[in-house]
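Read off the chains here:
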Amino acid sequence: MNAALHVTASGSIAMLQDLGRTGNQRYGVPVSGALDWVSLRIANAVAGNPDGTAALECFYRGPTLEVAADSVRAVAVGAAIELASGGRNRTVPAGQSVRLARGDRFTVGPGERSLVAYLAVEGGFALPGDLGSLSTFPRAGLGGIDGRPIRKGDALPLALAAAPDRAERRAPPWDRAPPARVRIVLGPQDDHFTGEGRRTFLESIYTVSRQSDRMGMRLEGPAIEHAKGFNIVSDGTAPGSIQVPGNGLPIVLLADRPTTGGYPKIATVASADVPALGRLRPGATIGFDPIGVADAEAARRELEARLADLRTALQAARRAR
Amino acid sequence: VSDSQPRLLPNGDTALAVEFGERIDRATSERVLALHDRLARAALPGVVELLPTFRSLMVHYDPVRTSGTALARAIEPLLDGLEGVRPAARRWTLPVCYDPAFALDLEEVAARTSLTPAEVIEHHSATTYHVYMIGFLPGYPYMGDLPQRLALPRRENPRTQVPAGSVAIATTMTAVYTLASPGGWHILGRTPVPLWSRRRNPPAVLAPGDKVRFAPIDIAEFERLASEAAAGGLELESVAVR
Chain V
1239 MNAALHVTAS GSIAMLQDLG RTGNQRYGVP VSGALDWVSL RIANAVAGNP
1289 DGTAALECFY RGPTLEVAAD SVRAVAVGAA IELASGGRNR TVPAGQSVRL
1339 ARGDRFTVGP GERSLVAYLA VEGGFALPGD LGSLSTFPRA GLGGIDGRPI
1389 RKGDALPLAL AAAPDRAERR APPWDRAPPA RVRIVLGPQD DHFTGEGRRT
1439 FLESIYTVSR QSDRMGMRLE GPAIEHAKGF NIVSDGTAPG SIQVPGNGLP
1489 IVLLADRPTT GGYPKIATVA SADVPALGRL RPGATIGFDP IGVADAEAAR
1539 RELEARLADL RTALQAARRA R
Chain X
11 VSDSQPRLLP NGDTALAVEF GERIDRATSE RVLALHDRLA RAALPGVVEL
61 LPTFRSLMVH YDPVRTSGTA LARAIEPLLD GLEGVRPAAR RWTLPVCYDP
111 AFALDLEEVA ARTSLTPAEV IEHHSATTYH VYMIGFLPGY PYMGDLPQRL
161 ALPRRENPRT QVPAGSVAIA TTMTAVYTLA SPGGWHILGR TPVPLWSRRR
211 NPPAVLAPGD KVRFAPIDIA EFERLASEAA AGGLELESVA VR
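The listed protein sequences correspond, in order, to chains V and X.
Going by the working numbering, the final residue of the first sequence carries number 1559, and the count climbs one at a time with no gaps.
Going by the working numbering, the final residue of the second sequence carries number 252, and the count climbs one at a time with no gaps.
Same shape as in the complex, but just chain X:
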């Protein structure tokens, strides 16, 4: 059975990690997300917040209101039957402009993967990705899995400044730089859709478990959507899927 028993690992006296393994795969992620949903509904006393990651669920707690032991006792009965129980995911289509003006590493990625730039774009935009977790930057989605043909290690020399909106790849993942930031991933394009705003609640468009597909757009469409976004009128609509 793939259903190995999760481990409950204390992170000091304010967090407990429920770890389902040490690998990145969809089955593990689905279990993490199913437990997240269960614990969010259970609203256990003293739980401050929940953070799903690739292979574990971090349970942040207030040691004045509960204890690691009490939490572990409350969580253990909820660990059974986490497979295939997650009901709905949101599906998003994210416009991306792969124009050379934005695709700083497209030529290099093409050369290193023995593909043409057009083939790289085709591979990147033909896959529906799973949001494993949000981390590194506010709203930064780790999405997988990248087609095997595009898998490359991170850049040896990270950039000191990657522009906000950059769509990038590294290892088995693709992501969007939600803020201008230093970064070591290979940049394939840019989206005009702001995936992060401190004015929204929640502040990030994407959440762990969402499904994302990229739709290539030309630079004229990018400019049109970018000015719509700047005026505050651009909202992506998600479609619930099974």
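Chain V with its partners taken away, still in its complex shape:
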């Protein structure tokens, strides 16, 4: 019998995401991947997986899953695992791995404070993916299970028939609070806005709109004034590009961003701060602090060093046992 997790309730919305599919942007294929790739990588480090292993990205209340394998080791980051096993209920805190047995039924709880949470399993999911990635991109039917979010009745095939025998791990503390401000680099088209428009952008607090999705975070607040219209000849977009369409309200492009766009981009969120955007729920507020490219690169290298330290600490703990 094939090892799997059976979906008995889909929750709000959940789908498989890894670190995205690169290499096909010139064919118009969005990169996709986890919104909060820091949390995904922490979950994988605890589960003993490589960084880019696909996990379930869960919005709001996560799915309920039943173990159809000898055992499976799971960890959720951003939410707790609520477990019903042998007639007992218990909660496995966020960041803590747990070995589950056949027939155990568990729910990825509502996010602690974050919009998204991740459920990783040791060994990952045994799915083929598309174009080198398991990331789900429903618009083109790529990745995941048939290119769509998971549904009740799905069986998510597991790569491992049983969880290897070893001590459980817990992620060291990591600040995952939704940010009040993020760092940005101005440009590439900040010259398409008036001085007043740039000031509005930098000095205002914006509210995350309900219209946001994995493609873009739409913001509500003071309108930003364009200097020379709101159409540009389409050019490339980057993760965290902040485009400003005709209504003057900024849209921060996220994981499923189109590869090209025709609105001027006033700024780009520093890559070290992009994952934290995935923690912001509709109604949350956000402001922007300008920094230079070199500072943004330094911030990213520092983040990568901290993630490497976290992985080393987890591996050292394993050896010490």
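No lab work stands behind these hints, which were simulated from the structure alone.
As the structure is a prediction and not an experimental result, all values here were calculated from the model.
Idealized CB from N, CA, C, for every residue including glycine.
Keep in mind that the hints are not guaranteed to be accurate.
Residues of chain X placed beyond 10 Å of chain V at every Cβ, according to the derived structure [unchecked claim]:
1. D23
2. P55
3. R83
4. S135
5. H140
6. L156
7. R165
8. N167
9. P168
Simulated restraints on C-beta separations [said to hold, decoys possible]:
10. V:P1288 to X:A50: 21 to 31 Å
11. V:H1244 to X:D35: 48 to 58 Å
12. X:D72 to V:A1554: 22 to 32 Å
13. V:P1288 to X:A230: 33 to 43 Å
14. X:A50 to V:R1437: 39 to 49 Å
15. X:A121 to V:R1437: 20 to 30 Å
16. X:L125 to V:P1366: 47 to 57 Å
17. V:E1463 to X:E118: 31 to 41 Å
18. V:H1244 to X:E132: 57 to 67 Å
19. V:R1377 to X:R122: 29 to 39 Å
20. V:E1463 to X:E86: 32 to 42 Å
21. V:Q1553 to X:D72: 17 to 27 Å
22. V:E1463 to X:A230: 53 to 63 Å
23. X:E118 to V:A1397: 46 to 56 Å
Over 10 Å on every C-beta distance to chain V, these chain X residues come out as not near it, computed from the model [to be verified]:
24. Q15
25. L89
26. T103
27. P105
With chain V's structure known, arrange chain X on it following the hints.
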């Protein structure tokens, strides 16, 4: 000289745009594509991928392995002499059925351009188009330039669902909807050739720089080619041209 100095524009700390201007024209596009070829060959450390657009080349990079400054230093010497250096382009002939069953906007386009539907088809299929870039949808080719007689702004009311394979026009461009999608372009016909498949590598038939001409087919030929495509047996063959 048309050869104005390109601008290097940071997009945060993961991408650098090399911008050759703010217009859509072949000369600009050829420079973008020539730089794309040069950088693809150069394989600079830390460059993740390259994306040619109408008027710029987007260089996506890994800020852990390189920096915007180091990249700019490596790119600047490669910016000279980009005119007329691109060796080969691929030429495709794409069958299109302009039957009213598919050509949802042919009558309207004819009326608005003071042409007959047959003349619209003739203009649309008599031009060899240049693929400027792929964007909007996976595999969606922005091709130009449309004959001046056919230039129209986008529809005021975009459709919520345009069928896959629809061949459409707007402004100075023509394109093919590679997936069913909302869309605001004027639909002139449909091609039975799937220009996009997640099972292929690369997944799109067309690439920036390719040359495309449309060949009108009747509905019987469309049905024949469509069933061939459904069986997985339809492959367009490209011919290398100068």
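Verification of the supplied hints:
1. D23: Violated, since 4 Å does not exceed 10 Å.
2. P55: Correct as stated: the minimum Cβ-Cβ distance to chain V is 15 Å, above 10 Å.
3. R83: holds (13 Å)
4. S135: holds (24 Å)
5. H140: The assertion about X:H140 holds, with a minimum of 15 Å to chain V.
6. L156: holds (16 Å)
7. R165: holds (16 Å)
8. N167: The claim holds: X:N167 sits with its nearest Cβ about 17 Å from chain V, beyond 10 Å.
9. P168: The claim stands: X:P168 keeps its Cβ more than 10 Å from every Cβ of chain V (closest is about 14 Å).
10. V:P1288 to X:A50: 21 to 31 Å: holds (27 Å)
11. V:H1244 to X:D35: 48 to 58 Å: Distance hint for V:H1244, X:D35 holds at roughly 57 Å.
12. X:D72 to V:A1554: 22 to 32 Å: At 27 Å between Cβs, range holds.
13. V:P1288 to X:A230: 33 to 43 Å: violated (53 Å)
14. X:A50 to V:R1437: 39 to 49 Å: holds (41 Å)
15. X:A121 to V:R1437: 20 to 30 Å: 48 Å Cβ-Cβ, so the 20 to 30 Å window is violated.
16. X:L125 to V:P1366: 47 to 57 Å: holds (49 Å)
17. V:E1463 to X:E118: 31 to 41 Å: Between V:E1463 and X:E118, where Cβ atoms are some 36 Å apart, the hint holds.
18. V:H1244 to X:E132: 57 to 67 Å: holds (58 Å)
19. V:R1377 to X:R122: 29 to 39 Å: With Cβ atoms ~31 Å apart, the hint holds.
20. V:E1463 to X:E86: 32 to 42 Å: Given a distance of about 34 Å, which is inside 32 to 42 Å, the answer is holds.
21. V:Q1553 to X:D72: 17 to 27 Å: holds (24 Å)
22. V:E1463 to X:A230: 53 to 63 Å: holds (56 Å)
23. X:E118 to V:A1397: 46 to 56 Å: For X:E118 and V:A1397 the Cβ distance comes to about 54 Å; the hint holds.
24. Q15: holds (16 Å)
25. L89: Correct as stated: the minimum Cβ-Cβ distance to chain V is 17 Å, above 10 Å.
26. T103: holds (20 Å)
27. P105: holds (21 Å)
The earlier numbered hints that this structure contradicts are 1, 13 and 15.
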